[in-house]
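> Below are the chains, spelled out letter by letter.
Number of protein chains: 2
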Amino acid sequence: MAQKFQTLPGFRDFYPADCAARNYLFNVWRRVARRYGFVEYEGPVLEPTDLYRKKSGNEIVNQLFCFEDKGDRHVSMRPELTPTLARMAAARQRDFKKPLRWFSIGQFFRYEKHQKGRGREFYQFNCDILGEESVIADAELMALSIDLMLELGFTADNFRIRVSDRQAWVSYALSQGVSEDDLTDFLQVIDKMERTPPEKTEEKLKALGLSLDGIKAFIQSGAEASDSLRESLANLEARGLKEYVEVDLSIVRGLAYYTGPVFEIFDIGKGMRAVAGGGRYDQLIGLIGGVEMPACGFAMGDMVILDLVRETTAPAAGLDRAIEAEQSVDVFIVGADPSKKAETAQVVQALRNEGISLQYSFSEMKVGKQFQAAEQSGATHAVIVGSEFPEVGLKDLSDRSEEKIAFEDLAATLKR
Amino acid sequence: MAQKFQTLPGFRDFYPADCAARNYLFNVWRRVARRYGFVEYEGPVLEPTDLYRKKSGNEIVNQLFCFEDKGDRHVSMRPELTPTLARMAAARQRDFKKPLRWFSIGQFFRYEKHQKGRGREFYQFNCDILGEESVIADAELMALSIDLMLELGFTADNFRIRVSDRQAWVSYALSQGVSEDDLTDFLQVIDKMERTPPEKTEEKLKALGLSLDGIKAFIQSGAEASDSLRESLANLEARGLKEYVEVDLSIVRGLAYYTGPVFEIFDIGKGMRAVAGGGRYDQLIGLIGGVEMPACGFAMGDMVILDLVRETTAPAAGLDRAIEAEQSVDVFIVGADPSKKAETAQVVQALRNEGISLQYSFSEMKVGKQFQAAEQSGATHAVIVGSEFPEVGLKDLSDRSEEKIAFEDLAATLKR
Chain A
2 MAQKFQTLPG FRDFYPADCA ARNYLFNVWR RVARRYGFVE YEGPVLEPTD
52 LYRKKSGNEI VNQLFCFEDK GDRHVSMRPE LTPTLARMAA ARQRDFKKPL
102 RWFSIGQFFR YEKHQKGRGR EFYQFNCDIL GEESVIADAE LMALSIDLML
152 ELGFTADNFR IRVSDRQAWV SYALSQGVSE DDLTDFLQVI DKMERTPPEK
202 TEEKLKALGL SLDGIKAFIQ SGAEASDSLR ESLANLEARG LKEYVEVDLS
252 IVRGLAYYTG PVFEIFDIGK GMRAVAGGGR YDQLIGLIGG VEMPACGFAM
302 GDMVILDLVR ETTAPAAGLD RAIEAEQSVD VFIVGADPSK KAETAQVVQA
352 LRNEGISLQY SFSEMKVGKQ FQAAEQSGAT HAVIVGSEFP EVGLKDLSDR
402 SEEKIAFEDL AATLKR
Chain B
2 MAQKFQTLPG FRDFYPADCA ARNYLFNVWR RVARRYGFVE YEGPVLEPTD
52 LYRKKSGNEI VNQLFCFEDK GDRHVSMRPE LTPTLARMAA ARQRDFKKPL
102 RWFSIGQFFR YEKHQKGRGR EFYQFNCDIL GEESVIADAE LMALSIDLML
152 ELGFTADNFR IRVSDRQAWV SYALSQGVSE DDLTDFLQVI DKMERTPPEK
202 TEEKLKALGL SLDGIKAFIQ SGAEASDSLR ESLANLEARG LKEYVEVDLS
252 IVRGLAYYTG PVFEIFDIGK GMRAVAGGGR YDQLIGLIGG VEMPACGFAM
302 GDMVILDLVR ETTAPAAGLD RAIEAEQSVD VFIVGADPSK KAETAQVVQA
352 LRNEGISLQY SFSEMKVGKQ FQAAEQSGAT HAVIVGSEFP EVGLKDLSDR
402 SEEKIAFEDL AATLKR
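Protein chains in written order, with my numbering: chain A, 2 to 417; chain B, 2 to 417.
A couple of the hints might just be wrong.
A pair counts as met if it fits within one copy or between any two copies, since identical chains are not told apart.
What the hints assert, rightly or not - Think about it this way: if two alpha-carbon atoms lie no more than 27 Å apart in a straight line, the pair counts; the simulated DSS-like pairs of lysine-lysine are: (1) Lys193 to Lys271; (2) Lys99 to Lys341; (3) Lys71 to Lys217.
Hints in this document: simulated from the structure, not taken from any laboratory.
Please construct the entire structure, taking both the sequences and the accompanying hints into account.
Have a look at this one:
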């Protein structure tokens, strides 16, 4: 008996409808990124494990699909793209005019407990601007992330972009007497504040010489907290995107390497999920690639956003249309006369040569069954090749009307 | 000092021009497959190692990137797609109307000595018809593979499809008294004949009770050797594709699981490289998924075909145009008045909202430098936002002509 094989836990099979949904998202990501003048790149799925140790410390290393290859190299299936980007950009930085506007769509792997919205593999859109200090670059990424949501069919009723600035927190902490060495600990307290009992936060702050009331007052200061925030907000307002933006200083983002403005796209429905996030990381390319280059970027995964699309009326309708379109052909060819096989093959090739997509039955089949298959193919028209060839039948499958037409006029008629 | 990280041997970084070349190939694969009514699917990059043992024996297992994951599972980065396809199709065979016409574009991994045209990772287009016995399905795949070559810009001067039939060899061998048990050995002798000294082949054939002259005479019989060959050839001729086809019975393809017609696309220039190949495999889905389902398919990798595109005049020109187009924007916005930042942001967003792709300088920059950046961006037009806003300048970057235009008419003018 045949062995039964199964998909590994946390990995997905993309059957045609799933793959069409994935492609729809990829197309939106790609279309919006190109509109912003970004160019696509891609790195290897397998990298030296040290590349991830350098940047992200042990937490991410514990989640790696890592192993020794047949050449005794310590290698890992990539958990994220930024270290690869830093390596690539540093290696050929002289070859590209700054700033680089680069995006990528690829698959990533983390050995985590799998749950809704989180698997052991996922796709991610990464979008970065390298070699640019101006905060307008940060605003550009924020605008791009908003446009992704609009392109997917979301409105201001569905999401917000929450904008903050790590540098504002650093300045605040230093002005309050926190030492340089304690800054990382301090930012972690702020990052975890929402999920931590206030007494505990208060206690940790006290150890740093700060008070919870002081922190709360600073969060209240909002956009006034830094020049970067004011400038990026003014820019987003000039673009007409203000309604999507909230300043929320309580956002500092978990990753250690952010150095300036940070932001997250949030679902403001029941879920309150983060669907994208990023920020400025001016030190990382120097750390990984040995070349100083200011940088900012953000990423959006495929799982949470596609869940959100499916749960939201207008975006779900757009997705459904795309899935249906990707699985439909223009035309189905019905062979009504078994002695006309060669003519049927000729019609098939002639229409495809004109860019028309089509299916037909490979084996002999009753005409009624062929029409059934035509309905299932999603075709708008059936072409009937029978004994009158080179005259063929052209049937509109929506209104069932049928006309006779010369084969030589067929492609032109169908393309109208 | 920063550690210098490098790409693993046999793995590729896709900088923007490389990624654009890859995308060009993907687009051709996808466009032609859809024209043939195929739908896209994708499987996991990581699978249980046993999935590959079952089908392909130890040779492929020795080339696997395989390891134990953190849950002690024996897993492998996929070296090919067919076992995954067999698993997926068998698991949900009741959900899909037969025949299935499925294609996939994905990345694969083999730990091999890397050399020109062969890396440790590669992309591959897989295209299969499942649940169809008719040889017209085989002919459909042959036609599709020819159309891929034509779509890439190749002509009958550049390639041939060599068509053969394993079943014809099996019938021949059985008729000559070869036993069922010896058939696999026999097919291996034929597969290796071209690269083996004739004395050696003669000797091996003798052991099976056959002669080299007899084999040569059978190869001469060509399309007459089997009904399948005659029928698929007649079909390809009716499609007008005969000039691309050669019957060549010496082709049997290495993999053990083929059971009927097999074919390869060959470069007929100096290289004589195989760029794609496939055939019928009626037993495999039963073997892997426990569901009997006749099947045929073929695959094309990215590396040999892109080398061939680059070496061949018309296809190379098509590729170059695609690479340039993917890295260009429509418009570059020149900010000529630092007091008009908000207006510039407004123009940027308004044009993008109309689907126009554009770049601009994030930081303040002299107008002359901005025009340099405009040239490098590949834009056909520059829009100059200055003190006369809402009147803007529109400069044609090819003929250097410039006109003044109202901002509200800008998008419509650019879209013409």
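> For Lys99 vs Lys341, is the C-alpha pair at or below 27 Å within one copy, between two copies, both, or neither?
between (62 Å within a copy, 23 Å between copies)
> Check Lys71 against Lys217 for me: Cα-Cα at most 27 Å, and say if that holds within a copy, between copies, both or neither.
neither (55 Å within a copy, 42 Å between copies)
> Can you tell me if Lys193 and Lys271 fall within 27 Å by alpha carbon in one copy, between copies, both or neither?
Only inside one copy: Lys193 and Lys271 sit 21 Å apart there, 64 Å across copies, limit 27 Å.
Violated hint for the displayed structure: number 3, the only one.
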